[in-house]
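Colleague: Chains as they are written, first to last, in our numbering: chain X, 1 to 357; chain H, 358 to 839.
Source of the hints: derived by calculation from the structure; they are not laboratory data. Using N, Cα and C, we set each Cβ at its ideal position, and we do this for glycine too. Treat the hints with care, as some may be off.
Unchecked claim - Quick list of in silico lysine-lysine cross-link-like pairs, DSBU-like style, CA-CA up to 35 Å:
(1) H/K614 <-> X/K309
(2) H/K556 <-> H/K389
(3) H/K696 <-> H/K473
(4) X/K278 <-> H/K614
(5) H/K389 <-> X/K309
(6) H/K614 <-> X/K81
(7) H/K696 <-> H/K668
What the hints assert, rightly or not - Quick list of simulated restraints, FRET-style, between CB atoms:
(8) X/V123 <-> H/T803: 53 to 59 Å
(9) X/N157 <-> H/T749: 56 to 62 Å
(10) H/N619 <-> X/N152: 37 to 43 Å
What the hints assert, rightly or not - Computed footprint of chain X on chain H, listed as stretches where at least three residues anywhere in the stretch have a Cβ under 8 Å from a Cβ of chain X:
(11) 610–619
(12) 661–667
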Amino acid sequence: MLSRVAESLFWMSRYFERAENTARFLDVNFNLLLDLNKITHIENPSYWVALILVTSDKERFNSLYDEYSARTVTDYLVFNKSNPNSITSCVGLARENARSIIESISSEMWEQVNNLYHYLQSVTPQFVHNDPYGFYKEIKNASHLFQGITDNTFSHNEGWDFIQIAKYLERTDNIARLIDVKYHMLLSEAQSQPELVAGSEDIIQWMAVLKSCSALEAFRKVYLSKIDPDNILRFLILDRTFPRSINFSVCAAEDALWRISGSSRHRYVNNADRLIGKLEAELSYTAIEDIFATGLHNYLADLEQRLVKVGEQVHLTYFAYHTPEIESSDIEEALPFTGIAGGRANWSQAQQHQQQQ
Amino acid sequence: MIRFFERYEAETSQFFDEVISKEGSPRSHYDKMLHRFSQFSVDDIKARREIVNIFFRNQGITFTVYGEEEGVERLFPFDLIPRVVPANEWQTIERGLTQRITALNAFLHDIYHGQKILKDKVIPAELILGSQHFRREFVGINPPLGIYIHVTGSDIIRDGEGNYLVLEDNLRTPSGVSYMLQNRQAMKRAFPVLFDKYKIRPIENYPQELLRTLQEIGPVSRREPNVVVLTPGIYNSAYFEHSFLARQMGVELTEGKDLVVNNNKVYTRTTRGLEQVDVVYRRVDDAYLDPLVFRPDSKLGVAGIVNAYRKGNVTLANAIGCGVADDKVIYSFVPEIIKYYLGEDPILQNVPTWLASNPADLKYILANLDSLVVKAANESGGYGMLIGPESTVEQQENFAEMIVANPRNYIAQPTISLSRHPSFFNDTELFGCHIDLRPYVLYGKTVTIVPGGLTRVALKRGSLVVNSSQGGGSKDTWVVDE
């Protein structure tokens, strides 16, 4: 398959997953604040700044807004076009990638990306303000529908595997960030307001983390006893069967990479396979105590770094073969999540407008 | 003939009407259609319009208009009334185009080899050698089978008497064939009963014929040729068509950056390494094809592809340098070209043409700007054009200056009253709209023309410009056996 087509499939999938994850963060944060209205109010900046921390975007945000509030953070993460990770930008880029390979994907996939794009064009901040639950649900469902359509209308060959790799790398990264930020927040609160940690508010916050991964019910089935942070982390990081856990996602990405190259457990073909295999093996033999021994934050930061490396190797192995050098100014703003520019540069747009007879 | 056609007023005194004869009666090949439409109410038509719109929208059949902010995507306007071409008329068109394309190809071969036609002074040498599309560096190059123009789309119009005339030859990158195919699909959905009443010749095999042609022109003594489509990219107005044709032929759609040249061979960059390419159906202009040879700032091209082509390792369709034969000045010599190479009289006539480079013609052109159509020799898509009767004095003066400054670049033609065909403006009334016809000609081992083409229709009342970039639409075209 053409490297360009593979790359566009990869980024189409990755941006779609990113849009869904952003919708999840926002949705859960709203719910959380409503649950906690006894001790805080919906505009409490410390709950909103967390969402900006998740996306490592503090600087850009601060250059655009004066305060962290429901309004500004929602605007930034949902609508802002200068934020390459806003839901609107992600869906736009997913669509742009899909459009450039429209002959390679199924028409149903295109219709779904296109529909979501047009839906977002019609949504106003007021609409999201009035019905945040309905709006985020729409985004999540659109993403699930897209994945279902892809599974059922697109051949499960190399191209499909690139879609899977992108989806699970993105998802792993998002879960890691979410845990990192929440844990950090809760810990600092525990130090400043010890009375909260013992109370039901703490449980509620941890439940919110689970909910943002649609993991609460699945978690309940595994850990019948009390909801405590250790079990939650064990579930979200190490569970091998829940599709929004880190271990599951890494396994799924590994499977897809190995299917493409023909690598197997004892023999890797390229560096992408080696790095993902190493990561998967380590996760399989890691206990939650090991993670605490390293320190959760350090552990997650290291994990994120390693995901970036996998992404780079996928790029070098499959997409960048014989790629001419492109001036750095030509590349769209680098994405904070991976450091690799996705989407398509617009530099040749004017020349493409040549007249056809 | 109640309702729609009953209220239709054909202006047969001024124009050739495709449906109604000068005597005011319907032409026989339209009988069944008129009968069928007499059974429709406005609501029936609206319902069918909806079917067609949904079809086009779902297929993503849009085109991009340049000059507006960010290139707006629009649905291509489609008229529900099909055009019917009887078999005997089609035979004339088919024979005429085959003759014309064969002669033009012989002309190109001659121009890039012995240049006999110039030595015999049938065409003034300076017109060829001074043409911006003449590629001196390809003199002596032998494309496989000696074919230069593998895919063409000639524009044909009808004069007041109904004679078919060739207006333009479009030998470089003619577009619109995907609309021809999609229009047919849409009509089948919306008018199955009417469809069944005619013996309509099928056109659905066009992509297969195109692929066969492209495979036939592959470099000799190679395995099954690997064919790719080369597009300028997703921002090109015809991008939909490029991807549509690639999908229909089952070949890769590539952009310049997907191709790489190594050791004078062209390869696609794939996830499994490099794969050699034999034939490139390129929809990129010569000027952007290879930054090493043509425009060095081209980011759409493939560095080195021209050398690979010269070495015979890859075939480009169409060949480089075809533009020299579809220049509007050279157009006026096509009747002589046909006689020179084939010894035959042209079956399809040209539209009378005055050349601004000819002093007597220039005088006539400048004196009659208000009644002539003036065209820049190398523009296409309806750009760079003055329609005398519709222009202001200021526009005419503007053009007069440009013509005098660069006479080689301008020609003029009488405002041919393109034939008219009843068309829906909204879905309640029929008006006579000007139309043309673009059949698509494939040239590999043989010349193949799928029976039909794109009928473009000027959906602005009274307008003569049928180009999609200028607000034109299209309708399905049926070649029918009686």
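Colleague: Regarding the pair H/K389 and X/K309, is the alpha-carbon distance no greater than 35 Å?
Modeller: Violated, because 68 Å separates the two Cα atoms, which is more than 35 Å.
Colleague: H/N619 and X/N152, beta-carbon distance inside 37 to 43 Å?
Modeller: holds (40 Å)
Colleague: For a C-alpha distance cap of 35 Å, please report whether H/K556 and H/K389 respect it.
Modeller: holds (11 Å)
Colleague: Counting residues of the region 610–619 of chain H that have a beta-carbon nearer than 8 Å to any beta-carbon of chain X, does the count reach 3?
Modeller: This one holds; 6 residues, not fewer than the three required, reach chain X with a Cβ under 8 Å.
Colleague: With the threshold set at 35 Å, check whether the alpha-carbon distance from H/K614 to X/K309 stays at or below it.
Modeller: holds (25 Å)
Colleague: Would you check the hint for H/K696 and H/K668, treating anything up to 35 Å between C-alpha atoms as holding?
Modeller: Given that 35 Å is the threshold and the Cα spacing comes to 33 Å, the pair holds.
Colleague: Taking the Cβ atom of X/V123 and the Cβ atom of H/T803, is their distance within the range 53 to 59 Å?
Modeller: Given about 56 Å between the Cβ atoms, the range holds.
Colleague: Holds or violated: X/K278 and H/K614, Cα atoms, limit 35 Å.
Modeller: holds (34 Å)
Colleague: Taking 8 Å as the C-beta cutoff, is the stated coverage of the region 661–667 of chain H by chain X satisfied by three or more residues?
Modeller: As far as the region 661–667 of chain H goes, the hint is violated, because 0 residues have Cβ atoms under 8 Å from chain X.
Colleague: Please work out if H/K614 and X/K81 have their alpha carbons no farther apart than 35 Å.
Modeller: holds (28 Å)
Colleague: Given the hint that H/K696 pairs with H/K473, test it: the Cα-Cα distance must not exceed 35 Å.
Modeller: Judged against 35 Å, a Cα distance of about 14 Å means the pair holds.
Colleague: Is the hinted range of 56 to 62 Å satisfied by the C-beta distance from X/N157 to H/T749?
Modeller: Because 60 Å falls inside the window, the suggested range holds.
Taken one by one, the earlier hints fail for this structure at numbers 5 and 12, listed in ascending order.
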